[in-house]
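For chain H, the structure is supplied; the task is to place chain F on it using the hints.
Chains as they are written, first to last, in this note's numbering: chain H, 1 to 136; chain F, 1001 to 1144.
Derived by calculation from the structure, the hints in this document are not laboratory data. Being a predicted model, the structure only gives us computed values, none of them experimental. One thing to keep in mind: the hints can contain errors.
As a list, the in silico DSS-like pairs of lysine-lysine whose alpha-carbon atoms are at most 30 Å apart [said to hold, decoys possible]:
(1) K29(H) <-> K1055(F)
(2) K31(H) <-> K1056(F)
(3) K1060(F) <-> K103(H)
(4) K113(H) <-> K1056(F)
(5) K29(H) <-> K1073(F)
(6) K109(H) <-> K1012(F)
Chain by chain, the residues run as shown.
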Amino acid sequence: MIMKMTHVCVYVLNQETAYDFYTNKLGFKVKMDVPMGKDARWLTVTPPEQPELEITLFPVATGSMFTEATAQSMKELISKGTFGPGVFTCRDIYATYEELKSKGVEFVKPPTKEFYGTEALFKDDSGNWFSLAQLA
Amino acid sequence: MTEKETTPAYPKVYLYKRIVQAKLFIDANYHLTIDLDNISDEACFSKFHFIRLFKKTYGKTPHQYLTVVRIEKAARLLQTGQNVSGVCYAVGFDSVSSFSGLFKRIVGQSPSAYVATYQQTRNQITVMPLAFVPGCFAFQHGWT
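One chain only, chain F, in its complex shape:
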């Protein structure tokens, strides 16, 4: 290539816009019952074409992506002290056992173990905040 090719109107821009809209829809509505048929219809794709394009773009199927978003939101809610079953339903799951299994698979700990670890870290931060800051940065900022 001898010349830089600027592509503000890159090929298939409409496809990207539709796929991004679908992703943002999941980001905003993860806690609701999401029917992937509806998303693909709204994006004007056949279901299979939509799943294929979504996976090519994000490395996950829409369903896999929705699961990850729900689990990440659940982790944040657990940090606020809400109980496991409440968090499970709040992020859109309808079974605590399947939620706990997915949480452990994605996060690496069960929800209750995650809460315990998080709380232990927060307690340590409260007692000894400097233990969590590299010494050079603390020194430069006069944190002692």
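With the rest of the complex left out, here is chain H:
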């Protein structure tokens, strides 16, 4: 029986700037920061109130996982906002929206009332978009 999800993978264009975005702008906490040899690093962050879910910030790089062509395609797709890895919830969406905007986070949809609550959409520094929701 599957019980929980512990890790999700978000592909980013630049691990350093993603680190800054997720910690200093979104307020996430670093869970694991493990050097894995030259130019490689296992980096996970967690939402402030969900320490059991590790979001791994993977740089798209040519190597054993991606050929050069695949890596290039991935980078283009990420930049174009193709991927929406998930939904974050918050206690107060308007306050969260104002705070993130003041930190320079790009929103593609302002807080909007939906059937299930109020939702906004923002992008990370790579182009991945996330839903930000305050559930009704």
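Just chain F, lined up with the frame of chain H:
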């Protein structure tokens, strides 16, 4: 509701802006002596109205929030090898005993125990980094 209601100019936007500014002020000045009367004055609220709105927005009173921010910053400083009393004063506390008590209550360990655990983990990471990476990810990335 039959029509989506987009609310870029949502009701009481000025209230949200003021509360967020107060929160960001605490984030930036946690290490200083922060007088909540001054924050509420700057935000143009009465003290009690400010505390009520802040708690409604963030789930904590401004004072509770300030304490949590200080303790989280302290944990980061402890990771860099600074001593406990130095960290205590650096994040804005003026008593090591009250700092240690609050740290234990929020983090679950005393500052010195936290440092020992952190250092032990870093040592393990140095010796065996793959022990901290799920095998499927390590395999996909060719980490052996």
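Checked hints:
no. : hint                 : verdict
1   : K29(H) <-> K1055(F)  : holds (22 Å)
2   : K31(H) <-> K1056(F)  : holds (29 Å)
3   : K1060(F) <-> K103(H) : holds (22 Å)
4   : K113(H) <-> K1056(F) : holds (20 Å)
5   : K29(H) <-> K1073(F)  : holds (11 Å)
6   : K109(H) <-> K1012(F) : holds (19 Å)
Violated hints for the displayed structure: none, as all numbered hints are satisfied.
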